[in-house]
Amino acid sequence: MSGHPPGHRAGRGRLLAGASLLVLAGCGTDSTATADGEVGGTLTVFAAASLTDVFTGLGDQLEAEHPGLDVQFTFAGSSTLATQIGQGAPADVFASADTAQMDVVADLAADEPAVFTGNALEIAVPAGNPGGVTGLTDFADPDLALAVCAPDVPCGAAAEAVFADVGITAQPDTQEQDVRAALTKVQLGEVDAALVYATDVRAAGDDVEGIPFPEAAQEPNEYPLCVLAAAPNPAAAEAFVALVRLAEGQQALTDAGFRTP
Amino acid sequence: MSLAAHVVVRRGALTLDVELAVADGEVLAVLGPNGAGKSTLLRVLAGLLAPDGGRVVVDGDRVWDDAGRHVPAHQRSLGMVFQDHLLFPHLSVADNVAFGLRTRGARRADARATAEGWLDRVGLAGLGDRRPGQLSGGQAQRAALARALVGDPRLLLLDEPLSALDARTRLTVRAELHRHLGDYAGSAVLVTHDPVDAMALADRVLVVEDGRVVQAGTPAEVARRPRTDYVARLVGLVLLAGTGTGTTVALDGGSAVAVAAQVHGPVFVAVRPESVALYLSRPEGSPRNVWPLRLVTATPHGPVVRCDLAGEVALTADVTATSFAELGLAPGAQVWASVKASEVAVYPR
Amino acid sequence: MPVPLLVPALLAVGFLVLPLVGLVVRAPWPEIGAQLARPGVGEALRLSLVSATLATLLSLLLGVPLAWVLARSQVRGRSLLRALVTVPLVLPPVVGGVALFLVLGRQGIVGRWLFEATGFSLPFTTAAVVVAETFVAMPFLVISVEGALRAADARFEDAAATLGADRWTTFRRVTLPLVAPGVAAGAVLCWARALGEFGATITFAGNFPGTTQTMPLAVYLTLQRDPEAAIVLSLVLLAVSLATLLLLRGRWLGRGAVG
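Residue numbers (the numbering used here), protein chains in the order written: chain A, 29 to 289; chain B, 1292 to 1640; chain C, 160 to 418.
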């Protein structure tokens, strides 16, 4: 069985598209498409879940510039996507939330994957900060309810590295399966703090407050992107990659809390 | 020890309304066709079903009345035997028999000893460790009887206790049941649709049809003088209703029957099929009861052939297979039927 | 055997068993010893077995009486009650986990009160694993036992009543033994469901090795990093649960059939 992308992810992307367009409204309207007019058909983009809002907006923009182009997204955990691509899922573009998962599919890339943005860790606390969390050292407090990502997933690996840099032994109550799950616990008020990405804090809205910390910059999370060798629609794939890399894409990423490496 | 009850239950089309009384040591059989409400009556007497009205009095204690006194089944002193024995399949036979003693607080060893004694009395000595599934039908019903009697209940209720048994087993179990009922000091109510059970086991019989008592009396009375077609068929009689004047009864359906006794007013006439003789031509002599009839059906019935006849009078005749062959009868044939006036039972309606 | 039954039956066997075969074939057998010796594997397995067993006991304690109420009592709104208690069957387990937070979390309706009074908060504890597994698995037990109660001959309960047994004694000494095979089957189903529980557990109890990380959670997280190791862990879980069920069938279920 080949791994078909789960359809509901794309559906959620569509729901969020309207909000993303508002973010992009201030951007220029100059076309960033490649010179050839062949861009059309269906473009399938596999992207890390944290890119949902930004990429959906960029996809809509690309569709507007190229009538006849239909951009389909599958947003999921990078490792899940990498596994599906390895199993032959018909993707044109893969954007991973870390270089490790990109390495898994490196042999299947049409070009050398390149880092297009980055994400830094941030402390997320429930609105009002009931636990009185001030910085990274609070993660060593056994009396606080704390969530981090499991070391098996990228955000957890980054958290471990940051804790090592700072020299503290973290006392988390739970090691979450992914960054969204960690953030959910903050939103429900069930933990006093979680270590997540700046973009997640931004996306969570008013329920969650972010506390940046300087050590985060030492362990930036790099997001590489590539066109796949087996891409059914390479022209559209190149156009999308170009849009992400150029000024407009970068601005949209920055607006969402991503950091240019 | 005695039972007096008036039971009213409304269930859809059927309204059960029955009064009964059973004295100490007496066995009352409730006889009736399926659906007459017999089992419903028994469940009410047991306290398993709340009636819509009436009362149940055991030994002078009201255990149910419509003034609000409702003693649940488990607080009454009663034993019940069910059609398909309902021995608990997960318990040994001895534990089944001891069950009622244990729930009423007897110590395990005492209950076990009493149970073994009862198993001995019903002829199941040594089978106490078996599971009910390892018993024959007759053995299981004996164990069920022991289970019901072991606590020496004031009231014993038997719901078709023999009808699940095969004919031969039924004969022996019936005889044993008769013996145990004879020894039993409390009041017993036996529900059955088999007249032989009722006749063999009961001191009195209550016939219930469509929720009502249609006849009550000793087994002999009921057998000799049935008052409904149902009972008459059960006891093997033909029942005719009519009005008596002197020694003649004018039947409700026309025609007339001569009888030996002087009668007046509404009466029943009961004719035994074996007393009816058939002839191909009008018999010689002067029997007073002679009718030309038509043979409807003829069914072999043991050594005789049962002939259902129609015409002025609806009769049934039992003739020997030899006679039947000599007469050369076939359904639809015209025959003469005669019965002696002295062979006809007549009694007030 | 009739072909219209045989062919779909064989297809069903293939459909259910082939993925298992896939796991066995793809398992990195030479490394299996090393994978099993990794720290945390034994801990996760032990935690899975303990929490699934506790969840099953809790389900028996609460679910059998509930099944009795659904099957025997005359309470009004019984069908609505039945529909409500089977909701966890259709609820995505992750949603179930969030729902548990809303009731038992330290901000939850009940949990808030508990937290303020005692400072104890249920989420992220082993007890939370048991609660999450019970929530998801108990309906399986309730439905099995209710079915067994409905199929059982209620006249045995009448017989017990005529022998002086009140309803509680009747339930203990007659009804429960009669439906024992149904209870056992329900408990096995419940245990298996609890053992494989993932969504509600990782949501409500979180994931921490030794405290809340059961085998399914360990498998899922290992899958993010090392799919082959995850296959090994899945096979361990499978082998242990199969062995347990076979043992139970021989020891307990086989003898449970009565009548």
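Treat the hints with care, as some may be off.
Stated by the list, open to error - A partial selection of chain C residues facing chain B, derived with a Cβ cut-off under 7 Å:
#1 238
#2 239
#3 284
#4 310
#5 311
#6 313
#7 314
#8 316
#9 323
#10 325
#11 327
#12 333
Hints are computed from structural coordinates only; laboratory data are not their basis. Please read these numbers as outputs of a predicted model, since none were measured by experiment. By construction, the Cβ of each residue, glycine as well, lies at the ideal position given by its N, Cα and C atoms.
*Among the hints numbered above, which are violated by the structure, and what are their numbers in rising order?*
Of the numbered hints given earlier, those the structure breaks are 1, 2, 3, 4, 5, 6, 8 and 11, listed in rising order.
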